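Residue numbers (this note's numbering), protein chains in the order written: chain A, 1 to 283; chain B, 284 to 840.
Think of the hints as simulated: they come from the structure by calculation, not from any bench.
One or more hints might be untrue.
[Unchecked claim] Stretches of chain A that chain B covers, calculated by requiring three or more beta carbons in the stretch to come under 8 Å of a beta carbon on chain B: (1) 44-55; (2) 66-73; (3) 222-231; (4) 240-252.
Please read these numbers as outputs of a predicted model, since none were measured by experiment.
Note that CB positions come from ideal geometry on N, CA and C, so glycine has one too.
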Amino acid sequence: MTTQTHAPAARRAPRLVPSLGVVVPATLVGAFVLAAVAPSVLAPGDPTAIDLEAAFLPPSTEHLLGTDQSGRDLWTRVVHGTRHSLLIGLGATGVALAIAAVLGFAAGLGGRLVDRVVGSLIEVSFAFPTMLLALLLVAVRGPSPSTLVLAVGIGSAPGYARMIRGQVLAVRQEAYVEAALALGHRRRDVVVRHVLPNAMRPLVAVVTLGISQSVVWASGLAFLGMGVAPPSPEWGALLEAGRTYVTFAWWLEVMPGLAIVLLAVSVTALGRAAQRRLEGTDR
Amino acid sequence: MSTHARPRPAVRRRPRASGLRPALAVALLAGLAACAPAGAEPAAPTTGEPVEGGTIVHAHVQEPPCLWGGWIQQAYLSRQVLDSLVSQDEDGEIVPWLATDWSVSEDQLVWTFTLAEGVEFTDGTPFDAQAVVDNFEFWITEQGNSTVLAYLGTYYESSRAVDPTTFELTLSRPYSSLLPALAQAYFGIQSPTALARGPEANCEEPIGTGPFTVEGWERGSVIRFARNPDYASAPANALHQGPAYVDGIEWRIVPDPVARFGALTTGEAHVVYDVPATQWTAAEQQYEVQQYITPGRPVALGLNTVAGPFTDVRVRKAFAAATDREAAVRSAFLGVVPFEGNGTVSASTPGYNAEVADDHPYDPDTAAALLDEAGWDSTDDEGYRVKDGERLEVRIVYGAGSIITPEGATVLQNLQEQVAEVGFQVTLVPATRDELFSGKFSGPESYDAKPGYWTSPTAGILHITFRQHLEESPNFSNSSFYNDPELEDLIVRANSSLDRAEQDRLYGEAQQILSDEAVSIGLYTQTTSLAVDPRLNDVWLEQSQGEPVYHDAWFER
Numbered sequence: 001m002t003t004q005t006h007a008p009a010a011r012r013a014p015r016l017v018p019s020l021g022v023v024v025p026a027t028l029v030g031a032f033v034l035a036a037v038a039p040s041v042l043a044p045g046d047p048t049a050i051d052l053e054a055a056f057l058p059p060s061t062e063h064l065l066g067t068d069q070s071g072r073d074l075w076t077r078v079v080h081g082t083r084h085s086l087l088i089g090l091g092a093t094g095v096a097l098a099i100a101a102v103l104g105f106a107a108g109l110g111g112r113l114v115d116r117v118v119g120s121l122i123e124v125s126f127a128f129p130t131m132l133l134a135l136l137l138v139a140v141r142g143p144s145p146s147t148l149v150l151a152v153g154i155g156s157a158p159g160y161a162r163m164i165r166g167q168v169l170a171v172r173q174e175a176y177v178e179a180a181l182a183l184g185h186r187r188r189d190v191v192v193r194h195v196l197p198n199a200m201r202p203l204v205a206v207v208t209l210g211i212s213q214s215v216v217w218a219s220g221l222a223f224l225g226m227g228v229a230p231p232s233p234e235w236g237a238l239l240e241a242g243r244t245y246v247t248f249a250w251w252l253e254v255m256p257g258l259a260i261v262l263l264a265v266s267v268t269a270l271g272r273a274a275q276r277r278l279e280g281t282d283r
Numbered sequence: 284m285s286t287h288a289r290p291r292p293a294v295r296r297r298p299r300a301s302g303l304r305p306a307l308a309v310a311l312l313a314g315l316a317a318c319a320p321a322g323a324e325p326a327a328p329t330t331g332e333p334v335e336g337g338t339i340v341h342a343h344v345q346e347p348p349c350l351w352g353g354w355i356q357q358a359y360l361s362r363q364v365l366d367s368l369v370s371q372d373e374d375g376e377i378v379p380w381l382a383t384d385w386s387v388s389e390d391q392l393v394w395t396f397t398l399a400e401g402v403e404f405t406d407g408t409p410f411d412a413q414a415v416v417d418n419f420e421f422w423i424t425e426q427g428n429s430t431v432l433a434y435l436g437t438y439y440e441s442s443r444a445v446d447p448t449t450f451e452l453t454l455s456r457p458y459s460s461l462l463p464a465l466a467q468a469y470f471g472i473q474s475p476t477a478l479a480r481g482p483e484a485n486c487e488e489p490i491g492t493g494p495f496t497v498e499g500w501e502r503g504s505v506i507r508f509a510r511n512p513d514y515a516s517a518p519a520n521a522l523h524q525g526p527a528y529v530d531g532i533e534w535r536i537v538p539d540p541v542a543r544f545g546a547l548t549t550g551e552a553h554v555v556y557d558v559p560a561t562q563w564t565a566a567e568q569q570y571e572v573q574q575y576i577t578p579g580r581p582v583a584l585g586l587n588t589v590a591g592p593f594t595d596v597r598v599r600k601a602f603a604a605a606t607d608r609e610a611a612v613r614s615a616f617l618g619v620v621p622f623e624g625n626g627t628v629s630a631s632t633p634g635y636n637a638e639v640a641d642d643h644p645y646d647p648d649t650a651a652a653l654l655d656e657a658g659w660d661s662t663d664d665e666g667y668r669v670k671d672g673e674r675l676e677v678r679i680v681y682g683a684g685s686i687i688t689p690e691g692a693t694v695l696q697n698l699q700e701q702v703a704e705v706g707f708q709v710t711l712v713p714a715t716r717d718e719l720f721s722g723k724f725s726g727p728e729s730y731d732a733k734p735g736y737w738t739s740p741t742a743g744i745l746h747i748t749f750r751q752h753l754e755e756s757p758n759f760s761n762s763s764f765y766n767d768p769e770l771e772d773l774i775v776r777a778n779s780s781l782d783r784a785e786q787d788r789l790y791g792e793a794q795q796i797l798s799d800e801a802v803s804i805g806l807y808t809q810t811t812s813l814a815v816d817p818r819l820n821d822v823w824l825e826q827s828q829g830e831p832v833y834h835d836a837w838f839e840r
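Generate the whole structure from the sequences, applying the supplied hints.
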């Protein structure tokens, strides 16, 4: 692959034994991924099954996180809801990246006019808060999981687009790009083999951070009733359903909230660790 | 001056030191058995003389599009500013209000009302027989009030001012529930001068002869009412005549149940409407809790009989048998709101048929057999029934927050799981109020089942909810689109019957037909509940449909 042309002089060899700050979030993320891929391993029950005689039970050994107003087991619901939340987070980030890559490369490689047009488009969209853009889309398309993915994806695309544009502009000035062009490689090959990977690489960390941000935003929209309808175990929907009972059955609000926080924090911690390594500031 | 006994709501509790759930359930049953909203116990005696002053802060669940109109949420508001011709007292008797006396002709077609003298609307317009004529003309001829139209549209012939204090109403057919119908706030009399201002001004600021006037409306936040200092036309069942004791009402809109009840506990509000089931016990210990079990149509699932799987009566019956509705309701409302098995008329309504309430008991085996018989005899890999390659899918559209409370939504989710055991796949579609009122979910293609209620002091509500839905005369209140000319004839005959026993028999027969056809599945009774700060005395719920009355209320010093 390509070589880093100006690797920091003081870069140390990566540590072989990862720190606690990596192990703990990695374990948690692993657990969340397991919950998303094979929820029945962690919670064999049916996430929507009701037990009217067991409504509003507080957390106990039988019901780890307690039960809700219809006697549904909250642990089962949170575990099974992971897939919804994580998929919406990943999907939204994917949509954001796809849009951002198109815009960023067009701006970075398409000449001054295209750059100016796309640049203004990005600047203008920055004027709208992500949540507002997302709400607008939900209003137009109606609430559904795919709308959530699109809404959060489109809402967070401008940030990535601006970053990619900057990276593309920087990379295309690099000596190895000039060299490749001088050697007579076709422009398209140079873009695909040199510019694209080098421009995207610094985004790995940012995107990781973006996933947790997307999960939080999607949960927020679902909380506002803009996502999946009850009794879906999606985390934001759980929060919304628990809101009515917050003073009566605190666990219905606190536990799904904790799940969102744990996922967001652990993914962010991993993202930061990745960022430090890529930027060569790993300690 | 009125010497009538103080009105009592159906269930009224002063704060107690201990929980009252079992006692309340017994009281409710007693009230229901009497077939009339009877008092569970005499209200606590008022201590001391009423004191003037203070502003009541009422925290309410939702804000209707107008301050008066054909929906109970609008009647709650218009009751504060409009007076009606008559009122209904705690015994179900009709007592004088703006009409001091009335009589009806031998053939039951011509009603003559004697009106109170010297009453003025708050805009200075005199209240007289012509004003009443103008209101009837506006409601019916100009179609200005959908609910009045639903009640009287097919009965109204003409109205006439015989002299300034004599109003004459002519009907095309006898209508024995006329007086109870008139007691509802939908029939509140507005100033004809004000009506002439046009719909927008009337929407924002209806003007009547009532105890309060609209002072201002900050949409989404608060509606302010100010005392009418000249008020002199309280109904005969009011606790006092003359102006209200308080300076006004701040009607705050607080949709979130936790925040709404919290407003009471922090002292920001003196009254909260719709006490959450989870806070009921706590509320009873600290506040005066009033509950009114509304007569009329209970909250029931109207099943679409003209499109989708429920066109087959066996599938409708199977759905009813697949649900343990009593358990679903008890669990969701924690026993606070009673289950109602009769899907067409609720237990506190005169003319209620108690037998049909048990027609569709929980019986999954029967449900399964009925589905087999109806051709839904195989299941797919997810356990849902299939017929001709199509899954037995049922879309239930419900007005989340507007028609169905959070507890009601829990009932629907409970049903969803229960019927899944038998092989129904239920999709719950929460609809916003605007979607509902815009008619998006009114047509037969837009839902398979829709929960709804219609409060009414009479079983004659059947005429509104089950009058045929025909192309030339659509009736979207008939949410099942169930058309049966014989049934309609039965209800019309009951409405016109003067013999109470005969009338109840006819209404009962109509309920039996509707139950046999399983067109509407009963869930729970629509209720009005208030939790009142104990320092605020003499708040009461009127008896036609549970509108809160603040004219007699006063703050303890």
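The hints, checked one at a time:
Restraint check on the stretch 44-55 of chain A versus chain B: 6 residues with Cβ-Cβ distances below 8 Å, three needed, restraint holds. Restraint check on the stretch 66-73 of chain A versus chain B: 3 residues with Cβ-Cβ distances below 8 Å, three needed, restraint holds. With a cut-off of 8 Å between beta carbons, the stretch 222-231 of chain A has 4 residues touching chain B; three or more are needed, and the interface restraint holds. With 7 residues having a beta carbon nearer than 8 Å to a beta carbon of chain B, the stretch 240-252 of chain A meets the requirement of three or more and the stated coverage holds.
Every hint, counting from the list given before, is met by this structure.
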